[in-house]
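Visitor: Sequence:
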Amino acid sequence: MSALTFSSSRGLDAGVSLEGLRAKFGPMGVVIAIHAILFYLIYSGMLTRMVDTTLQQAVMVTFVAPPRPKPPPPAAAAPKVVPVAKIRPPALPRVAVPLVQVVQLAVQPNVISVMPAAAPAEKAPAPAPAIVSAPAAPVPGTPKTITSGVEYIQAPQPVYPPMSKRMGEQGKVILRVLVSESGKPGEVQIQTSSGSARLDEAGRQAAMRAVFKPHLEDGRAVAVYVIVPLNFQLAS
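Residue numbers (this note's numbering): 3 to 238.
Some clues are possibly wrong.
Below, a list of computed lysine-lysine pairs in the BS3-like style, where the Cα atoms sit at most 30 Å apart [as the list claims (entries may be wrong)]:
#: 1; residue 1: Lys186; residue 2: Lys215
#: 2; residue 1: Lys146; residue 2: Lys174
#: 3; residue 1: Lys215; residue 2: Lys174
#: 4; residue 1: Lys146; residue 2: Lys215
Label pairs and their in silico Cβ distance ranges [claimed, not checked]:
#: 5; residue 1: Ser184; residue 2: Ser238; range: 35 to 43 Å
#: 6; residue 1: Gly197; residue 2: Arg222; range: 39 to 47 Å
#: 7; residue 1: Leu236; residue 2: Ala157; range: 18 to 26 Å
#: 8; residue 1: Gly188; residue 2: Arg222; range: 12 to 20 Å
#: 9; residue 1: Gln191; residue 2: Tyr154; range: 16 to 24 Å
#: 10; residue 1: Gly221; residue 2: Gly188; range: 16 to 24 Å
#: 11; residue 1: Glu219; residue 2: Lys167; range: 41 to 49 Å
#: 12; residue 1: Ser195; residue 2: Lys146; range: 23 to 31 Å
Bear in mind the hints are in silico, worked out from the structure with no lab data behind them.
In this text the structure is predicted, and so the values were computed from the model without any measurement.
Every residue, glycine too, gets a C-beta built ideally from N, C-alpha and C.
Using the sequences and the hints, build the whole thing.
Guide: Right, dumping it as structure tokens:
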């Protein structure tokens, strides 16, 4: 393209030769001329009308349909299983087996007779020694009880409890005392209470401190039970 010509709507025509501009002003002159032409087009509105005309043209769009998918291949048929016929083995002919008779021979065992040994003569048992029975120990009898005629070496001396004095307790306690062969008191039992535990205990302690004269039978001292009455009475 050697020349560019623009015409405006006012009827003004202007012809510009790029080769003339290049020859007259050089390359720089050409660039300046192009910018001047663009400025003129923008200012006059010709460039806008050219763009609108281009956009108003019909745009033909062709839609290309995508290719249809190929149908899947048919599934392979499953192989048929053919049943295998069972082959029976041929029957073997039966063969008769002859019976074998077993003959048992009687074997006589050797019998060895053994004479029993003579049993030793039993010795006569020795006579058991005579058992001498020991004399039976005399069974100690229950000591008899003496209710009267009790003799003392040291008579019981009861002590009046102070509390019983303040409370005015009085009474008579009867004791049953076991006296040994030596005359010493052993077991002391309360046969009849005085009505006060303090007086009963004071009488028992007095009987334990007493000394009795041994009781003789056939010239021999024996243990006996004696009855000891003790009377607790306050002086008026």
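Visitor: Now look at each hint and say whether the structure bears it out.
Guide: Hints versus structure:
no.: 1; hint: Lys186 to Lys215; verdict: holds (8 Å)
no.: 2; hint: Lys146 to Lys174; verdict: holds (24 Å)
no.: 3; hint: Lys215 to Lys174; verdict: holds (24 Å)
no.: 4; hint: Lys146 to Lys215; verdict: holds (16 Å)
no.: 5; hint: Ser184 to Ser238: 35 to 43 Å; verdict: holds (41 Å)
no.: 6; hint: Gly197 to Arg222: 39 to 47 Å; verdict: holds (40 Å)
no.: 7; hint: Leu236 to Ala157: 18 to 26 Å; verdict: holds (21 Å)
no.: 8; hint: Gly188 to Arg222: 12 to 20 Å; verdict: holds (18 Å)
no.: 9; hint: Gln191 to Tyr154: 16 to 24 Å; verdict: holds (19 Å)
no.: 10; hint: Gly221 to Gly188: 16 to 24 Å; verdict: holds (23 Å)
no.: 11; hint: Glu219 to Lys167: 41 to 49 Å; verdict: holds (42 Å)
no.: 12; hint: Ser195 to Lys146: 23 to 31 Å; verdict: holds (24 Å)
Checked against the numbered hints above, the structure violates none of them.
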